[in-house]
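In the order they appear, the protein sequences are chains A and B.
The opening residue of the first sequence carries number 1485 in this note's numbering; numbering runs sequentially from there.
The opening residue of the second sequence carries number 446 in this note's numbering; numbering runs sequentially from there.
Don't read these hints as lab results, they were simulated from the structure.
Since this is a predicted model, take the numbers as computed values, not measurements.
For glycine and all other residues, C-beta sits at the position ideal for the given N, C-alpha and C.
Some hints here could point you the wrong way.
[Claimed, not checked] Only part of the chain A face toward chain B is listed, based on derived beta-carbon distances under 7 Å:
1) S1570
2) A1572
3) P1574
4) Y1582
5) R1637
6) I1665
7) V1668
8) S1681
9) L1685
10) A1688
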Amino acid sequence: MDSFWRILGEAVSLILAWDSDLIEIVGLSLRVTLSAVAISCVIGLPLGAAVGAFRFPGRTAVIVVLNALMGLPPVVVGLIAYLMLSAAGPLGPLELLYTPAAMIIAQTILVTPIVAALSRQVVEDCYREYAEQFDSLGVGPFDRVAALLWDARYSLLTVALAGFGRAVAEVGAVIIVGGNINHVTRVMTTTIALETSKGNLELALALGVVLLAIAVAVNGAVMTLRASAVRMAYA
Amino acid sequence: MVRHALFALTAAAFIASGPAAADRFIIVQSTTSTQNSGLYGHILPIFRERTGIEVRVVAVGTGQAIRNAANGDGDVLLVHAPKAEEKFVTDGHGIERADVMYNDFVIVGPASDPAGVAGMRDAAAALRKIAEAAVPFASRGDDSGTHKAELRLWKEAGIDVAAASGSWYRETGSGMGATLNIGAGMGAYAMTDRATWTSFGNRNGHRIVVEGDPRLFNQYGIVLVNPEKHPNVRAGLGRQFVDWVLSEEGQSAIASYRVEGRQVFFPNAGG
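Take the sequences, apply the hints, and build the full model.
Encoded structure:
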């Protein structure tokens, strides 16, 4: 218990000291993960909504695949992204390996199925209430998806947060395609892995507490935004 | 779906083409021992001041570093498995290999020394004793330079570790630090390089039990990746780095690095 409080104290002093290295690492973590979540939402939300709202042959299979892909191991995603981005791979000429862009791509592959699968469920539940209305008004497919996404926006915010949580916490994918290069591709989770491998367990754990604090801050900010949006909508 | 994926890739490329792109940099595929001991943090700023070239180090096991470099994902290779480095060159992936520096491997174990090997100089005999006592031994098991050196010693000791894997011989399949953490946790012996051990924070009562056997010699080498095989290699900048590391200035930068007041890498270029 003693060491637990000491580690907590170290985490607090790390945050209070707020040195430039830590700021850089935290900033890159947020930049990479927020970019990945944004791209995942651009792809995953319409995809999930379409699968949720329309009936087509093979739909069950698509749902099973989407749900299964939520369990993609980050290391496997990292390897796939590495093989694609490696100089010997098909996207090698883009020279993205060992850059933040590579990390964003890997996390996007990781998070998109989560956003798509969860939003599919949210939209499908929503659609049951709306189907008759859509039919009687003769709403086209594109507008249906847009209306469903808009009306389910608060639930979908939680979907995006689930994706954020997955991406900000993973280390397996970003360490392979990013390389954990100091001042270039070093993020919170790879720093924690590095300090653990140096045997600096207390510093590693303190950094883990800092990461947790960031996750709490991001979730808190989103929930505050949501609450004020709801207030404005019903004012 | 394909179009979406392409869009995502372009968008991601766009987002990231921003700040981190310094134009004069090279990527060095290297080992965890050089990184974790802090050597790069000491010598790279000196090189950068001299040349303006930023060196981006990807620190993985030697096996993975060589495979990455063989894919063309690096400009320079700095690892510690001379045979594998020479094969890398003969396969056409590298231009030539040069000695950079050395240190030595040590065998570490619990303070209680259950196999009674403390103070032995014959590393193979010590390993044989550990095997006979069936005391846990934590091996990297990851095809790294340290792992290769350890397997050579087991062979000399005449012990078939593959047969013992899962009983007293524990293959962690992880990096040096992770393996030392596991070894400290389960009271196991382990082989590591001196630099990593000297700067390792979680010893948990473990200490060096065997050292000084000439077979524990640990040579580091440097190779420039072949631009004829991998056209994307920044050969000019990479060559500058290789030349500097082998130069008098580079060698004395390595020699001046201290961990807890001790020199942990000994330059021997041109030797």
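Evaluation of the provided hints:
{"no.": "1", "hint": "S1570", "result": "5 Å, holds"}
{"no.": "2", "hint": "A1572", "result": "4 Å, holds"}
{"no.": "3", "hint": "P1574", "result": "11 Å, violated"}
{"no.": "4", "hint": "Y1582", "result": "6 Å, holds"}
{"no.": "5", "hint": "R1637", "result": "21 Å, violated"}
{"no.": "6", "hint": "I1665", "result": "4 Å, holds"}
{"no.": "7", "hint": "V1668", "result": "5 Å, holds"}
{"no.": "8", "hint": "S1681", "result": "3 Å, holds"}
{"no.": "9", "hint": "L1685", "result": "5 Å, holds"}
{"no.": "10", "hint": "A1688", "result": "10 Å, violated"}
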